[in-house]
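Asks: Single-letter residue listing:
There are 2 protein chains.
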Amino acid sequence: MKKNTYHHGDLEEALLKVGMKEARASGARNLGVTYLAKKVHVSPMAVYRHFPNGESLKSSISQRAREELGRRMQEAVAKETDVKRRFQATGRAYIQFGLQEPGLFSVAFIDCDAAPTREDNPSAWGIFQDTILDLCNAGYIKASEVKSVAALAWSAVHGFTMLAGGQDPMRPTASPKAIDDLIERTWQGIVGNK
Amino acid sequence: MKKNTYHHGDLEEALLKVGMKEARASGARNLGVTYLAKKVHVSPMAVYRHFPNGESLKSSISQRAREELGRRMQEAVAKETDVKRRFQATGRAYIQFGLQEPGLFSVAFIDCDAAPTREDNPSAWGIFQDTILDLCNAGYIKASEVKSVAALAWSAVHGFTMLAGGQDPMRPTASPKAIDDLIERTWQGIVGNK
DNA sequence: AGGATAATGTTTACATTGTCAACATTCAGC
DNA sequence: GCTGAATGTTGACAATGTAAACATTATCCT
Chain A
1 MKKNTYHHGD
11 LEEALLKVGM
21 KEARASGARN
31 LGVTYLAKKV
41 HVSPMAVYRH
51 FPNGESLKSS
61 ISQRAREELG
71 RRMQEAVAKE
81 TDVKRRFQAT
91 GRAYIQFGLQ
101 EPGLFSVAFI
111 DCDAAPTRED
121 NPSAWGIFQD
131 TILDLCNAGY
141 IKASEVKSVA
151 ALAWSAVHGF
161 TMLAGGQDPM
171 RPTASPKAID
181 DLIERTWQGI
191 VGNK
Chain B
1 MKKNTYHHGD
11 LEEALLKVGM
21 KEARASGARN
31 LGVTYLAKKV
41 HVSPMAVYRH
51 FPNGESLKSS
61 ISQRAREELG
71 RRMQEAVAKE
81 TDVKRRFQAT
91 GRAYIQFGLQ
101 EPGLFSVAFI
111 DCDAAPTRED
121 NPSAWGIFQD
131 TILDLCNAGY
141 IKASEVKSVA
151 ALAWSAVHGF
161 TMLAGGQDPM
171 RPTASPKAID
181 DLIERTWQGI
191 VGNK
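Protein chains in written order, with my numbering: chain A, 1 to 194; chain B, 1 to 194.
These are computed hints drawn from the structure, not numbers from a lab.
Hints are not guaranteed to be accurate.
[Claimed, not checked] For the chain B half of the interface with chain A, some residues (derived, Cβ under 8 Å), not all of them: (1) V33; (2) V146; (3) S148; (4) A151; (5) V157; (6) G159; (7) L163; (8) G166; (9) P172; (10) P176; (11) G192.
[Stated by the list, open to error] Calculated Cβ distances over 10 Å to all of chain A for the following chain B residues: (12) L16; (13) A76; (14) K79; (15) D82; (16) G139.
Ideal Cβ positions, reconstructed from N, Cα and C, are used throughout, including at glycine.
Construct the entire structure; sequences and hints are all you get.
Replies: Quick look at the structure:
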């Protein structure tokens, strides 16, 4: 019945967990070493047993956020069978994630030396690319076009989310109709005028 | 010949100037009050005579960066006469700015409560929108399409620049050919299959 | 079981940063 | 030239990241 554990059990996991909570609530504002340590009721220095420095902790949280995005995309894709619809679902999920979880989304793309997604976890990019290869196999696009198609789709979706989620007065509106429209136009840019 | 001026002359301008230099060199990393004050050989507190706090200073630098982007776009547009080419030039200039000046570009879009572009300075968004309205007048698109066309073009270009300029392993390549391709596909998404 | 050793936390200490308050100097206009 | 407004300075304080030294617990080897 020792309540005072001293040892925490799994501090690393706990830090990442509370980090994600903070990220969800307020983006990258409260992801400092001291702040997160306090949340877990641990001295700041304990953090350094699990991360070489604060940047690294933030970076790991960023990675988790990216994985969360990947998971959402995967779920969305799983609901569709048609190749084209699967492809579009990835984009829609990406945008919806960005708008529903602005904190996580912004943390996912802060440029702290981004640790790559761990191999065994769903990568947004991986899912995305798979659906593009499917488009290729289904004859929508040529193999030689894969790279440039990916660039357009990825860019449009990422850019839209950034801009729509920001606070610029010039940001595009993010109504369902506007999103549909973006996706439809992007599709035009992909399959062209054939 | 008093070398010890004590008063600086125009500290605000000096801070913004050196801030831009730092931004160009290393993004948002060295835009703190103390650091910039040191660069101008002034005590940190002097900064507060010109900006209410550090965020505000950073935000003003961000604004300057956005204005610089606007200037580049304007220069690019001025070289073209054809409506379509003018429109595409804005996008190309945007991307090139982002790739040639990654520091400035990232600072331009940090989410410090973005001060809107000062009215009398070239706004990237303003230039962009003007060329879209020209597209409209020239009959390329319908008036009802302006918003969604703007959303696609702006998103694609912004997203591409963010991604290509980042360090993700999944970033698109940014060769001239790849950029041309993006712009061409985006154009397809705009004028569609007519 | 018991003791060496690795893992994991804590306290102290210090440099850096943003910012407040109080004080000093210069400028501008009467 | 004096007075008040602008503009800078110094000193103090709280918060942060992190190094060093120390303490506690877990693990593993005989």
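Asks: Please name the hints from earlier in the document that this structure breaks, with their numbers sorted from lowest to highest.
Replies: Result: hints 1, 2 and 10 break, sorted rising.
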